[in-house]
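Chemist: In case you want the letters, here they are:
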Amino acid sequence: MSESRRGDATALIAVRSVTLYALSLHTVASALGAWTEPGPARLFLAAAGLALALILGESAGGAASAGLEGARRLRLRVTAGAGYAGLAVLALTLAVGSGDPRLLGQEAVLFSVFQAVFLLLSDLGRTHLGPVANAFVLVVLASLRGGLAAAAGVTGGLALLGFFLAFDHAARVLQAYPAGRAELLGPTLRRASAALAPIVLGLALFFVLRPPPPYAGIRFRMGAGGPRDEDVAAAYRRLVGLAAVGSAVVFGVVRLLRRGQAERAPFEEVLPVERGAEEVLSPPPSPRRREYAGRRGRIVRAYVGVLARARSAGFVWRPSQTPREIAAALPAPAGPTAALTDLFVEARYGPEEPSEQQALAAERAAGVIVAGLGKSTGHRLR
Amino acid sequence: MVPSRTSTYRRFLYASLGFVGLLGVALRVEALAGLALGGFALLLVAWRQARAQLDGLTVARELYPSAFEDDTVAVSLALDNRSRRPAWLVEIGDCFGPAVADRQAMLEPGPLRGSRRRRLTYRTTCSRPWGIHAVGPLTLAASDAFGLFHAERSLPDVAAFAVFPRVWTVSGLEKLGARPSLSPREATSPRPGQSLAYLGVRDYRSGDDLRRIHWPATARRGTPTVKEHEVDLVPYFTLFVDLDRAHRAGTGLKSTLEYLVRTAACVVWTAARRGDLVQVMGEGARSLVVAPGAGTLHATLALYELIRVQQDGRVPLLELVEQHRMHLPGGSTAALLAGTIFLDLAQLEDTLAALQARGVRPAVLLVNKDSFLPIDRRAAPREEAAEQAHAVVALLRARDIPGTILAAEQDLEAELARPDLLGDPS
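Just so you know, the sequences run in chain order S and L. Residue numbers for the first sequence follow the numbering used here, beginning at 1397 and rising by one. Residue numbers for the second sequence follow the numbering used here, beginning at 5 and rising by one.
Heads up, a few of these hints could be off.
Residues on chain S that point at chain L, a partial pick, calculated with CB under 8 Å [claimed, not checked]:
{"#": "1", "residue": "1523"}
{"#": "2", "residue": "1529"}
{"#": "3", "residue": "1540"}
{"#": "4", "residue": "1542"}
{"#": "5", "residue": "1547"}
{"#": "6", "residue": "1554"}
{"#": "7", "residue": "1558"}
{"#": "8", "residue": "1561"}
{"#": "9", "residue": "1562"}
{"#": "10", "residue": "1564"}
{"#": "11", "residue": "1573"}
{"#": "12", "residue": "1669"}
{"#": "13", "residue": "1672"}
{"#": "14", "residue": "1674"}
{"#": "15", "residue": "1677"}
{"#": "16", "residue": "1712"}
Partial selection, computed: residues in chain S whose CB lies under 10 Å from chain L [claimed, not checked]:
{"#": "17", "residue": "1536"}
{"#": "18", "residue": "1707"}
{"#": "19", "residue": "1714"}
Quick caveat, the hints were computed from the structure, so don't treat them as lab data. We treat Cβ as the ideally placed atom computed from N, Cα and C, and that holds for glycine.
All chains, please: the whole structure from these sequences, using the hints.
Modeler: Structure (structure tokens):
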């Protein structure tokens, strides 16, 4: 792997860790801030604990899976995931059912601890689903509180989740291929920002115009309605400072730990490529072509239409190929393709004006081919 | 499974956002409903992005359609972006049939700006044995910025790729025959001809070109004297390949077909490399006919025809030679490549004698099919085979015809590279 791409993949992995840390810290702070007293000490403890867990997870998380073969590892993941999902649903049901702020506070602390545990195990498996799922639960807990905690929890959580997914995707793709130049940090940030901005800004505007109320079933004690919005806002200000320091530490340490480890064993023959310089494509040929009038024109247009449809479906042919060679290679029903090709060759190069039946036959054959092309070569979205 | 892709996050978002949305509506918690709404909006944006990623992207392969076994081949892919937006993280897949791996994967990290082309070249090795292999189809894949949705398009760009057997220079061929030529050649003979090589002077005869008068010699001797040049030779080589189905034996790398094709390829290549006019003939279910020609391109054509042959014919080799014997020019070389040592010795002797009578220099290469694993016929007893081999060798030696017998237990590569391969047949 070239220095350039290795360096870029390492930087992307480090930034991915930073966004995961920021997502974790933000959701933990939102949940704790919503249901417990958001003191500076507690925030500092959360920031430091999460940073430490993530750094330990990045450096030694892989060791936890060492010695486990693929099937056992998958079984373990499925079992643990099912157990965790059951626990999360039970906790949310209890919280919603009881409406007791103290229970919600205890659950916020419990899932904050879970977040640290998931970060500790973040290098286990192909994805970081554990910390992402737990962050989701923490956002749900914060949402039940309503007000600034809920609004900040939801908008910030969604934005950070988007950035995390974008950096995770770019890092994973780069890690899967060797060699070559790639500068993806800035473009990934820009692409994610462009896609996320309307959603996050729209959501923020919605919450500004209509602050989210708390869940009606929660029985706040008289005079103790939980932390006020001013306290939560002050806590978020402190959180920004802590997040900045924690992120810098995570970025530096993960970059250091991942240096030289960005390359993974490929699953298939992934090959280094020699990338040529970017060339300017000649503009597509002018749409003004020789006009064919009458029935001759109808047949030629039917044929050209089929070729245009085939090109958009991904079929490539060379200008050097004859109509019959194109017909042989075209992934379409053979009968209508041969019929249309014969009619086209006769209309385009023959001396006689085609008959009305021939023009109709060409149009019918074109219809059948176009329908067949759609079935055989459309691109798939998975 | 492509290592760079995962659908775990997308599935998680579907499930969790659905759950949270239901919870928000049921409990009337607007923040939860907002979270679900924002999450689904993110999925929608990602889905649209992924759909648009491949619009205007096409890839085409540029590849020389043949190579030798174990050659490293450079495959060039032209990735065109005919849309207006730049393309990022485009994964390209190709299937290069002669390689060991089923699929070759490459990454164009981007940016590839709109209306631009980038050429990507990957190198791979022809690890599979000789034959016609398929290359393609090509696939293009890209994802949205978050990696939630993946778009993939298969381009039916499938082409045939010919892998030729590895060739070695066959020693002894250069000692064989050639015929006079009007075109200048490196090979000459010290007989009067059209060569540029100087042979001597002789008295002027009526009809001699005046431009060839050697004036100093004429002045010295007092009678008109002309210069004489050597004759240019063009080696003319004919290979007859035995494709009789009765001579099939063995499987895979140790089969008569393998030995016949590899030997034929080496012989043809050696003859073409030294500048011979080469022609090849064989009679399988499909006739093998390579018209006389010279040069690397012609040799490539001959190899292309050779790798397509099958031992499915019914015409014995000696009959094939008999059919074409009259068309062989005098002074040329004819190599007989048989799939068995059990040729009719009397007929073989007649054929070789007839060739020699026409001034054709024969060479005989025999693949001993009875040394291979029998397929549909029993192998001849070892003693009988040894006796026949002795008889063939004695016949060739008696007529001073170069030849050899190739057997399964021999290392074909080492045998063909042997300096005395076409020397004494013993």
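Chemist: Does each hint hold? Answer for all of them.
Modeler: Structure-based check of all given hints:
1. At about 5 Å, the closest approach between the beta carbon of residue 1523 of chain S and any beta carbon in chain L falls short of 8 Å, and the interface hint on this residue holds.
2. Taken as an interface hint, residue 1529 of chain S checks out: its beta carbon lies about 6 Å from the nearest beta carbon of chain L, inside 8 Å.
3. Of the supplied interface hints, the one on residue 1540 of chain S holds, with its beta-carbon coming within about 6 Å of a beta-carbon of chain L, less than 8 Å.
4. Below 8 Å, beta-carbon pairs count as interface contacts, and residue 1542 of chain S has one with chain L at about 6 Å; its hint therefore holds.
5. Contact between residue 1547 of chain S and chain L, as hinted, is supported at the beta carbon level, the nearest pair being about 7 Å apart and thus within 8 Å.
6. Among the interface hints, the one on residue 1554 of chain S holds; its C-beta lies about 5 Å from the nearest C-beta in chain L, closer than the 8 Å criterion.
7. Because the smallest distance between the Cβ of residue 1558 of chain S and any Cβ of chain L comes to about 6 Å, under 8 Å, the interface hint for this residue holds.
8. Because the closest C-beta pair between residue 1561 of chain S and chain L is about 4 Å apart, less than 8 Å, the hint holds.
9. Among the interface hints, the one on residue 1562 of chain S holds; its C-beta lies about 5 Å from the nearest C-beta in chain L, closer than the 8 Å criterion.
10. For the restraint placing residue 1564 of chain S at the interface with chain L, the shortest Cβ-Cβ distance is roughly 7 Å, inside the 8 Å limit, so the hint holds.
11. Satisfaction of the interface hint for residue 1573 of chain S is found here, the shortest Cβ-Cβ separation to chain L being roughly 4 Å, below the 8 Å cut-off.
12. About 4 Å separates the beta-carbon of residue 1669 of chain S from the nearest beta-carbon of chain L, less than 8 Å, and the hint is met.
13. The interface hint given for residue 1672 of chain S is met, as the beta carbon of that residue sits about 4 Å from the closest beta carbon of chain L, less than 8 Å.
14. A hinted interface residue such as residue 1674 of chain S counts as satisfied when its beta carbon comes closer than 8 Å to some beta carbon of chain L; here the least separation is about 5 Å, so the hint holds.
15. At about 5 Å, the closest approach between the beta carbon of residue 1677 of chain S and any beta carbon in chain L falls short of 8 Å, and the interface hint on this residue holds.
16. Hint status for residue 1712 of chain S: holds, given a least beta-carbon distance of 5 Å to chain L, under 8 Å.
17. This hint holds: residue 1536 of chain S has a C-beta 6 Å from the nearest C-beta of chain L, less than the 10 Å allowed.
18. Interface restraint check: residue 1707 of chain S against chain L, minimum CB-CB distance 8 Å, threshold 10 Å, status holds.
19. Taken as an interface hint, residue 1714 of chain S checks out: its beta carbon lies about 8 Å from the nearest beta carbon of chain L, inside 10 Å.
Checked against the numbered hints listed earlier, the structure breaks none of them; every hint is satisfied.
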